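Novice: Kindly produce the complete structure, drawing on both the sequences and the hints.
These are the residues of each chain, in order.
4 protein chains.
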Amino acid sequence: MKKNYQALLNKIYHEIQPIVGQGQVADYIPVLAQVNPNKFGMAITTVDGEEFSVGNANEHFSIQSISKVFTLTMAMEMMGDQLWKRVYREPSGNRFNSLVQLEHENGIPRNPFINAGALIITDAITTTKGQTLGRMLQFVRELAANKEINYNLEVAHSEKEHGHRNAAMAHFLKSFDNLEHLAEDVLDVYFTQCSLEMSCIDLARAFLFLGGHGKSIFVDRPIIPARQAKRINALMLTCGLYDAVGDFAYRVGLPGKSGVGGGIVAVLPGELVVSVWSPALDACGNSLAGIKALELFTTYAENSIF
Amino acid sequence: MKKNYQALLNKIYHEIQPIVGQGQVADYIPVLAQVNPNKFGMAITTVDGEEFSVGNANEHFSIQSISKVFTLTMAMEMMGDQLWKRVYREPSGNRFNSLVQLEHENGIPRNPFINAGALIITDAITTTKGQTLGRMLQFVRELAANKEINYNLEVAHSEKEHGHRNAAMAHFLKSFDNLEHLAEDVLDVYFTQCSLEMSCIDLARAFLFLGGHGKSIFVDRPIIPARQAKRINALMLTCGLYDAVGDFAYRVGLPGKSGVGGGIVAVLPGELVVSVWSPALDACGNSLAGIKALELFTTYAENSIF
Amino acid sequence: MKKNYQALLNKIYHEIQPIVGQGQVADYIPVLAQVNPNKFGMAITTVDGEEFSVGNANEHFSIQSISKVFTLTMAMEMMGDQLWKRVYREPSGNRFNSLVQLEHENGIPRNPFINAGALIITDAITTTKGQTLGRMLQFVRELAANKEINYNLEVAHSEKEHGHRNAAMAHFLKSFDNLEHLAEDVLDVYFTQCSLEMSCIDLARAFLFLGGHGKSIFVDRPIIPARQAKRINALMLTCGLYDAVGDFAYRVGLPGKSGVGGGIVAVLPGELVVSVWSPALDACGNSLAGIKALELFTTYAENSIF
Amino acid sequence: MKKNYQALLNKIYHEIQPIVGQGQVADYIPVLAQVNPNKFGMAITTVDGEEFSVGNANEHFSIQSISKVFTLTMAMEMMGDQLWKRVYREPSGNRFNSLVQLEHENGIPRNPFINAGALIITDAITTTKGQTLGRMLQFVRELAANKEINYNLEVAHSEKEHGHRNAAMAHFLKSFDNLEHLAEDVLDVYFTQCSLEMSCIDLARAFLFLGGHGKSIFVDRPIIPARQAKRINALMLTCGLYDAVGDFAYRVGLPGKSGVGGGIVAVLPGELVVSVWSPALDACGNSLAGIKALELFTTYAENSIF
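Residue numbers (my numbering), protein chains in the order written: chain A, 9 to 314; chain B, 9 to 314; chain C, 9 to 314; chain D, 9 to 314.
Because the hints were derived from the structure by calculation, they are not lab data. None of the values given here were measured: they were computed from a predicted structure. Among the clues, some could well be false.
[Said to hold, decoys possible] Derived DSSO-like pairs (lysine-lysine); straight-line CA-CA distance at most 27 angstroms:
#, chain 1, residue 1, chain 2, residue 2
1, A, K137, A, K168
2, A, K137, D, K168
3, D, K155, D, K137
4, B, K47, B, K93
5, C, K168, B, K137
6, D, K93, D, K137
7, B, K155, B, K47
8, A, K11, A, K223
9, D, K137, C, K11
10, C, K168, B, K168
11, B, K168, C, K11
12, D, K155, A, K168
13, A, K11, B, K223
14, B, K11, B, K223
15, A, K168, D, K137
16, A, K223, B, K11
17, D, K11, C, K223
Specialist: In structure tokens:
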């Protein structure tokens, strides 16, 4: 049955309006705090390449932690199973920026999506700062088929200036000998990677290889083996939404990854990718309207992985 | 494409032999410690009612924590969303019998599948001990279409005698005012429920309502709404394998629930249920050969939820 | 220089009035919640047997955790250094009733004065319930030279009924195999021991052996060797006031032991014992006016162990 | 009774020989790892200015954490009670370099002697790096009446290079807004302060103001009020020996401060200061022979604060 996804997006857009703006825009750096909380965009890309969107789906926003999926993909390609000596694959049951578990587990982060784990991933793919950021940008532009995508260096700089907690984490990892490069250098790459700006439409395209068993209709080459796509989806489902993965699986039922910029991307393997953006966050740091919109999507579409 | 599941089970049975018996049989109570570690059984039931099995798939074993799925289903029917005031739905990131998180989170267990959460669920469905255990048995027999299924009171009694940690947990929950009945009474029901003995074939049938959007071909009435089946699957995926949910999702990619008796049941929504039993456990308390067998299953069948 | 202790007590009594009643009377059991928060008594007994008192120093109150010093003294006599295999001697840095550290440290409580440690001590001195409580009462009556001292069985019973947290702790200790007797039996003795009722005057006498290097002018026989008295004083200083030992050492500068009944006893080795009672507690569970009164005492007397 | 302290030191020196060298020299930086583990020195200075010593009491060693007493003294003078808004005064019940408690307690370290607390103290007294280190050196030289005392910049540099854990801690404190200066700047001063080199004789003199109610016979001016000396002694007793304060109080019974260089200084208020040095450490990071020597001292001298 071919779904009428455009009608569905319109319906969700209409229903979601009352709660758009509820919650709290990330304010830990000034440049993010200025974002208009009333934005809402949503986009769908099917594995066949059909695209649907609604609202502010074409506006760029700071993808922040969503970038961790791109770096993880790169790291899994570069390192294979060696990677899992440096980071576990289990949900943390703790805040994304907690150092407690890291201490109890001797510097091996719980998974690649909490901040400590993401620093490991960034460390793993880093050669020089410039080269690494270059490769990363090239990869994301290729996936999204959009050469305009770029870092926002103002955001990156501001993150660095206020990123004491991440700095603590990087030095802590270094103290456990689980960081190859200097803490400062890894942080530099990390803060820049998080400053990537993309739109819902960009993201829905860029994640299509995870909906398409490793392939995307927008990219000529196979991106990763089907087995790896399956695994990344599994990691997103169990670890992709900070300390709200259980709630997200329960309500939405799709693998997904969120960022404090208010973006969420979710994958229905074999069918489509759906992305959403609304900057006001709930108590767990996920887009409040974004999660609700995705819940409406799987409810109306009667389609989830479960 | 119709899969030849019998051939697949035979193939897995052959390949798994070298690791059957590796690991450690649960020995915290004498009666479980005596189980032969070299047992291995596996069964598949499709939503159409086709059944396949191999090895010791017809032998009864102690289902232990797998029983938590039956009690959760009963509790969700009885209480609806009220249930989630007493227990969260997030993976714990801790051992299944840890009291640490319970203290930090004021007596609200992380999810219904860790022991503390399961005690809440048992408390929620308890009226009198006899009546509750009666209803439970009736429900499981109906689901498995097998009137021979029963509790093993010797196991239940032995659990009670050695169950100091669970006793600590029940009293701890009571101290946070999150237990309605007396700790002793809830423990009585809980230890008995865990002593249920079923075979792989029983379990594959009994979970079919979770593979069939709430319905089972073996039961005349609809068991639960499709929405609830989806949610229970989501809970199993994010919380069903103790502190190895991430690894199980990564390697197997199906919602599942394990028990220290060595059983695991996994669900491929819309298609089938697959169960496995092999008593020797890995370091996380899950059947070592069982997890490997399920990994082979999704790899060869090229089918998982991801 | 002979101090005029009576004048000093009078001065303190006068100055303390404005804060007597500030704080919160323990209300975890009804019978304690009824105590008049405006009571204040204080008593001094010197090693020479001189006695001074003021206010409600002659009124009985529930000594609660102060009883742990008596049971520890008995256990050290009975078991010697063997005792320290079952309990550490370090401050906990946690709430007195926390189970977190107990789990992290495999069932060995941090010290004999937090609840878990006190349960170990009670377990260690227990033979039969009746015999044990008999010996304990005899010991306390001898120390205080007062045959009227007794348990309050109503309090003991009420503690038991509401003591779910302590029950959790006892079962938790049992699960680590660090309890010889049944959890229920140890709890029975423990709740009764805590229900002992004594006055400030009783307590100042009863602790005199700790001020007198193991001897008390009120008891014909030497109670314990000087070395043991020194050690118990050290334990009180580092562990005697729940999670406020540092603050108490800083402000008062004496070894002491408090109870949720509002009593505190402090020792100036070689010179005297000073006891105080005022039922309203601070956030750490220590008598608010009691601590202030002791601070005034060491300030005016210009005398502390530091 | 005038004790014959020289004879006592000789006796201890003789008895301690069999265990000198047992344990493990600190090896987290190369320059400390080279220290000869068989060194042993001990010194006593009485409040009257009499000095006694034995063994390698005149050799310089790295005082490390003992320096925290000097900086705390300076900070208490500069800030008074304001200081206690930024750091608690309670024993930690955790390793000296743990970040767990810091996270649970929102960036307020447990006490001024664990590393996190010491960084706060250093931050509090810092103006410029040069000026701060200058004042510190002047203060220590004055107290020890020895102008030869100096920092070891090679040690400081090496600490900095390997001090990832301390760096993590400083950035963590900064993330809680509990650090005024840049993390890097505070670490610079901190690592240099820890590199101070002194002998047992120097230390026994330098701590005399804590034995002398704020005054030292070697210094013309009163150093601090008696009340402050009492408080610093209380802090040393409850927090001065990492996670072994209870054991030290139990066995030795004096306020003291240890360092990973193998030094310990202990105070008997009103009478004397005793210092000891032996580089091989026990599992808690305290000088193994040093603690034993101090235990012998208080046992033979029959004198402790308890």
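Novice: The structure should be examined with respect to each hint, and the outcome stated for every one.
Specialist: Hints, one by one, checked against the model:
Taking the CA atoms of K137 (chain A) and K168 (chain A), the gap is about 15 angstroms. The hint holds against a cut of 27 angstroms. Between the alpha carbons of K137 (chain A) and K168 (chain D) the distance comes to roughly 24 angstroms, so the proposed pair stays at or under 27 angstroms and holds. A hinted pair counts as satisfied when its Cα atoms are at most 27 angstroms apart, and K155 (chain D) with K137 (chain D) qualifies at roughly 20 angstroms. Pair hint K47 (chain B) plus K93 (chain B) does not hold up; C-alpha atoms about 41 angstroms apart against a cutoff of 27 angstroms.
The hinted pair formed by K168 (chain C) and K137 (chain B) meets the criterion: a straight-line CA distance of about 24 angstroms does not exceed 27 angstroms. For the given pair, K93 (chain D) sits about 24 angstroms from K137 (chain D) by alpha-carbon distance, which is consistent with the 27 angstroms threshold. Under the criterion of a C-alpha separation no larger than 27 angstroms, the hint pairing K155 (chain B) with K47 (chain B) is consistent with the structure, at around 24 angstroms. Proximity of K11 (chain A) to K223 (chain A) is assessed by CA-CA distance (about 22 angstroms); at most 27 angstroms being required, the pair is judged to hold.
Note on K137 (chain D) and K11 (chain C): the hinted pairing is violated, with a Cα-Cα distance of about 49 angstroms set against a maximum of 27 angstroms. The hinted pair formed by K168 (chain C) and K168 (chain B) meets the criterion: a straight-line CA distance of about 21 angstroms does not exceed 27 angstroms. Distance restraint check for K168 (chain B) and K11 (chain C): the Cα-Cα separation of roughly 61 angstroms exceeds the 27 angstroms cut-off, and the hinted pair is therefore not satisfied. Between K155 (chain D) and K168 (chain A), the direct Cα distance comes to roughly 43 angstroms. Violation of the 27 angstroms bound is thereby established for this hinted pair.
Between the alpha carbons of K11 (chain A) and K223 (chain B) the distance comes to roughly 25 angstroms, so the proposed pair stays at or under 27 angstroms and holds. For the hint linking K11 (chain B) to K223 (chain B), the alpha-carbon distance of about 22 angstroms falls within 27 angstroms, and the restraint holds. Simply put, K168 (chain A) and K137 (chain D) have alpha-carbon atoms about 24 angstroms apart, close enough for the 27 angstroms limit, and the pair holds. Between the alpha carbons of K223 (chain A) and K11 (chain B) the distance comes to roughly 24 angstroms, so the proposed pair stays at or under 27 angstroms and holds.
Of the supplied pair hints, the one linking K11 (chain D) and K223 (chain C) holds, its CA atoms being roughly 24 angstroms apart against a limit of 27 angstroms.
Hint compliance for this structure: hints 4, 9, 11, 12 are not met, and every other hint is.
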